[in-house]
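Turn these sequences into a full structure, and let the hints steer you where they fit.
2 protein chains.
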Amino acid sequence: MQTNSSVFLGDKYYNREHLNFILFDVLKADTVTKYEYFSDHDKEALQMYIDATDQFAKEYLFPHLVEMDRKQPELVDGRIRVHHVHKDIMLKSGENGWISILASKEVGGLQMPAVFSTAASFILGAANYSGCVFVGLTMGAAHLIETFADKKYHDVYLPKMFAGQWQGTMALTEPGAGSSLSDVVTTAEKQDDGTYKIVGQKIFISCGDSDAVDNVVHLLLARVKGAPTGTKGISMFIVPRERIKQEGILEHNDVTSIGVYHKMGYKGAPIAHLSFGENNDCTGWLVGEENKGLSYMFQMMNEARISVGLHATSISSAAYYASLKYANERLQGRNIAEKNPELPQTPIINHADVKRMLLFQKTFIDGALCLELQCSYFSDLARVTEGEEQEQYYRETRIHTIHEGTTAIHGLDLLGRKVMMKGGKAVMFLMQEVMGDIAKAKQHDNTKMHAATLEKKLGQLQDLSMHLMGVAQKEGVEAYLSDATLYLELFGTLVMGWQWLKMANTCNESATLDADFKDSKFLCCNYFFEYELPKAEGLFTRLKSTNRVTVGVNSKLID
Amino acid sequence: MQTNSSVFLGDKYYNREHLNFILFDVLKADTVTKYEYFSDHDKEALQMYIDATDQFAKEYLFPHLVEMDRKQPELVDGRIRVHHVHKDIMLKSGENGWISILASKEVGGLQMPAVFSTAASFILGAANYSGCVFVGLTMGAAHLIETFADKKYHDVYLPKMFAGQWQGTMALTEPGAGSSLSDVVTTAEKQDDGTYKIVGQKIFISCGDSDAVDNVVHLLLARVKGAPTGTKGISMFIVPRERIKQEGILEHNDVTSIGVYHKMGYKGAPIAHLSFGENNDCTGWLVGEENKGLSYMFQMMNEARISVGLHATSISSAAYYASLKYANERLQGRNIAEKNPELPQTPIINHADVKRMLLFQKTFIDGALCLELQCSYFSDLARVTEGEEQEQYYRETRIHTIHEGTTAIHGLDLLGRKVMMKGGKAVMFLMQEVMGDIAKAKQHDNTKMHAATLEKKLGQLQDLSMHLMGVAQKEGVEAYLSDATLYLELFGTLVMGWQWLKMANTCNESATLDADFKDSKFLCCNYFFEYELPKAEGLFTRLKSTNRVTVGVNSKLID
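Taken in order, these protein sequences are the chains called C and G. Going by our numbering, the letters in the first sequence line up with residues 268 to 826, in that order. Going by our numbering, the letters in the second sequence line up with residues 268 to 826, in that order.
One thing to keep in mind: the hints can contain errors.
Identical copies go unnamed one by one, so any copy, or any two together, can satisfy a pair.
Unchecked claim - With a straight-line Cα cutoff of 20 angstroms, these simulated SDA-like cross-link-like pairs (lysine to any residue) come out:
| no. | residue 1 | residue 2 |
| --- | --- | --- |
| 1 | Lys741 | Met702 |
| 2 | Lys359 | Ser384 |
| 3 | Lys823 | Pro614 |
| 4 | Lys823 | Asn282 |
| 5 | Lys310 | Val651 |
The set of hints was computed from the structure by calculation and includes no laboratory data.
Pasting the structure below:
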C-alpha cells in the first residue's frame, strides 16, 4: 500500500453559504447592477453565474487535482507538455465566456462586475489552482492588450484568447531581475517595418508554455536599444510564440522553452524558462509608447497580485476543508477531564487545541475572502462612480490582500508610498470606513468589547505612524523602512479584525440569517479578537523601539 | 534544464565555532570527565571525537543528501529497499563505536558523556538527517534492552546492534492509537515456553524496515490477553524481523512490511506500516515485567523527543547556511536610499529585512542548540552526581527542546504535569538558574536592559501560572489546559531569551574569544530581545483572558 493523499480529501473545498453571505448580505454587491455599465446583469443572473462556476469546478477541476500534482508538466524538445485536461478547461472557459467576462462589450466581453468574477475565481482556485491559473493569466494579458495596445491588435489576439484557443502570460522576470525590474536586460531593436527584434531570456514565467493551446501570447518587458537606464527605459511588447504569417497561418516566432520548474503547491502548472530570439528571428510588437512599459505592466501586475492573494485564500480554503474532515473523522483520546479508557475515543475536533487551530485557519480564510471581495467591489464602484478618492482607497486596501514571495516589497510599498501619499489621504479614508463599522459594533453586547479594542489599536497605529515619520526625518529612509514587513503584518492584523467586526455587524443587523450561521460568525469574530489581535502588541513594541538592530550592522557578523 | 536544488547548497551546514563555544566556553562540558564514570575521556579525546564525526559527515552523509531525497525507499515484496549508502553508514558507525558510544562499559560501550554524543548527532543530522536516523534509533533501542531486558538478551542483540549489522526501532503507533497510546490493540499471547505470540499492525514506524541491515529489532508495545484496559495494560516486547533459530542462523519471524511512507524533509528514510503475525507465527520476548511497557518505553521516547528537537535544529542549521549562501550571492536591487540604477546591484543580505529574516533563523537555531546541549550536559551531571533535584530540572527543561507533531501534547505535559509537580519545585530550580544569569547580565551595559526585560517577564509568568491555577480550581481542567500550547510557546520564548543572555554573559566574561565572534553573539542577543521577546506580550494577554472561546463551544459551529 502506497500512501494516497486523495483519501484525505472530501468533496468540499469552499463554503458556499459564506460566499453568498459576503456577496449578498455584507457587501450587497449585486446593487452595483443599478449603474449603466453593469446594467446587462441582475441578481438572478449573477447567482446563476456562480452556480455555473461551481458546477464547472466540480466537473473539470476538482477531479484532476491529485493527478495534476503527480503528473507534472514536462519539457520535451523545447515545448512544455501539460495534463490533457488543461485543453478542455481552456476551451470550456472560452465557450462559457469566462475569459471575456470582465472585458468591455466593445471588444466582445460581458462587462460583469469584478466582484463576481473574483468570487468565481475563488471557487475555481479552491477546486484546483493549477487547473485555473491559465484562465486568469489569459484574462490579464487580454486586458492589457485591450487597454494599452493599438486597436488593430485587438482583432488579432482578443477573439482567440477569449475563446481559450490561445493563452497569455506576463513575462517580466529575468535571471538577474526579479524584484528589481529596473535591471531588465532583454533587448528590443526597432526594424524598418515598425516591429522589433527581441533577444533575451525570461525565467519563472507562470504558464509560460503549454501544448494545451495553439499559441502563447507573451506580454513582455524589454529595453529598446539606447533607452534610459532603470525603470524609465522599459517598454512592453506583444511577443507570441507563433506569429501570424497570414490569415490563420502560424509560423514559429523563435520563442523556445529551455527549462521547466515545478512550484510547491502549484505543480500542475508549468513555470517556464524561456529564450527569445536565439536565432535572431523573434518579432515583438510594441504596446503603447516606448519606455512606458512598466506603468502598463502594473495594470496586469496589480490584477495578478490580487489574484495571488485570492488564490492563497482559495488553496487555504481547500486545505481547511480537508483538515476539518479529518478532525471530524479521526478518533483519538478522550475529553481531557475523562480518565476512563473504556469509553470510546472522541473525534479530535472536540479537543480545545484542535478547535483553536481550526479557528485560526477559518478566520484568516473567511476574513481574507471578505476583504478580497470588498476590494473587487470597490473597484467596480470606482469604475462606475468615477470617484478618484474611492479608487485611491481601493488601491490602499488592495495591498493587504497579498502575501506572496515579495511580502517585504509590499511592506515597503505600504509604508514607503501608500501611507504617505497625498498627505495620508488614503489611510484617512480607510480609517473613516473602519470607524463606521466600529461605531455599529459598539451597539451590540457581543461585539462592543472587540470594537473598543480595535479602536484603541487604531489610535496606537496612528501614533506609531507619526513616530516612524520622525524616524524618517531623523535617521533616514533605511531606518524608517527597516521593519516595513512588520508594519504590514500589524496593519493587516488590524484590517482583518475590521473584517470580522463588519461580518458580525451584518449578522447582528440581519433578521433573516439562520441562528447557527450567525453563531458561527460570532464565534470566529470572538476567536480573532481573543487570539490574533493580541499579536499586534508585540509588533507595536518592536516598531516603536529605537534599537535598530539590522540597520548599519556589518552583514559579516551574520555567519 | 531541469531545476537542480543541489546548486543552492554550499559545503557548510553547521557552525563549528559556535558548537565549540557552547561546549567549551558556555557549558565547559569537558569538566564532566572529572567524575569517575566518564574518567576514560579527556578534553583532547572529546575534541578528536567531534573532529572524526565532522569528517564522517563530510564523507558519508552530506554527499548523498540530495540523492537520498530523490531516490526514495521502495516497498518490494514485503521488504523495504533503501539507498545503498545506508549500509556503509551503519557499518562505519559500528566500526567507529558510534552506536555504542553512550552504552556502559559493562555491555561493551564507551561511556561517553551525552553532551558530546548530542553534539555529534547534531553534526550528522545537519549533514543528512535521513542518513543518520537509523543510527540514533538503534542506539535508543539498544539502550532499552540494556536497561530493562533480562541480561540473557544482552549478548543476543547488543553486539550485532552496536556493530551496525542489525538496527532497532520503537514500534508504538497503530492506525487507531497515535497520541493516545492507551488505545493500543496489538495482542500478545503467552506460550508455554515463556515467549509470546504477537498479532497486530504498527504504522508510521521510522526506519521500520530496511534492506541495509541483516535484521530489524522492534521494541514493540502490545497488550497481553486479559491485561487491564488503558495504559496500565501495555507491555513491551523484543520482536525481531528475523528470529534467531540457532547460533548465527536467522529465520523469518512473520513480520512484514505492508506500506511505506515518505515524510517531507525526511524522505531518504523509510516510514513503515508493519504487520506482525499475519500467519500466526510472530514471536515476541517480554522486556521486564508485563504491563509496565509504557514506563519502559518512555526512556526511549524521551531520548527520541530530545533527538527530534535536536534534529529540527540540525536540519534548520543546514537550511540556514543554504539561505546565508544565497543571501550573500544573490544580487538584487540597491540600498533603499540609493536611486542610481547604474550602480551595480547589491547582495540581498545588505537589505535590512533580509538581515532580519536571517537573524530570525540564526537566533533560534543557535539558541536551541545551546539549550539542547545544556540539557544533555545536565543529564550527564544527573548521572554522576545522583542529585534527584538536578535530574528533575533536566526533565523540566528538556520538554522545551521539542517541537514535533505533538506540540500540543507537550503543552499539556508542561502545564498539566511539569509546572505543578512536587509543588512547583522544578520550575523553582529553573527560575533560580535563570535569575543567576540575569544577575550577571545586569553587570554589563550591552545586556542590562535585556536582563531587566526578562526579569519582568518572568514575574509575569509567575502571575500567569497562579492565575491559571485559579482557573483550574474554578472552571476545571479543560479550561485550565485549553491554551496549553500557547503557554508552551510563551515558556519557550522566555527560555530562549535566557539562552541568549547566557551566551552573551560568556562573551562578556571571556578574555580570549575573538572580538568579531563576540559581536556576532551580541547582535543575536540584541535581535532576540528586540524582535522575538515582544511576542510574549500578546501571549500573556491571551492567556490571562477569561473569554474561553474554544471550551464548551459546539464543534458544529466550526464548519
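Hints and how they fare:
1. Taking CA atoms no more than 20 angstroms apart as the test, Lys741 paired with Met702 passes in neither setting, with 32 angstroms inside one copy and 38 angstroms between copies.
2. Taking the shortest alpha-carbon separations for Lys359 and Ser384, only the intra-copy value of 16 angstroms comes in at or below 20 angstroms, while the best inter-copy value is 62 angstroms.
3. Only between protomers do Lys823 and Pro614 lie at most 20 angstroms apart by alpha-carbon distance; the minimum there is 12 angstroms, versus 51 angstroms within a single protomer.
4. For the homomeric pair Lys823 and Asn282, the shortest alpha-carbon distance between copies (14 angstroms) is at most 20 angstroms, but the shortest distance inside one copy (50 angstroms) is not.
5. Taking the shortest alpha-carbon separations for Lys310 and Val651, only the intra-copy value of 18 angstroms comes in at or below 20 angstroms, while the best inter-copy value is 79 angstroms.
Of the numbered hints stated above, the single one contradicted by the structure is hint 1.
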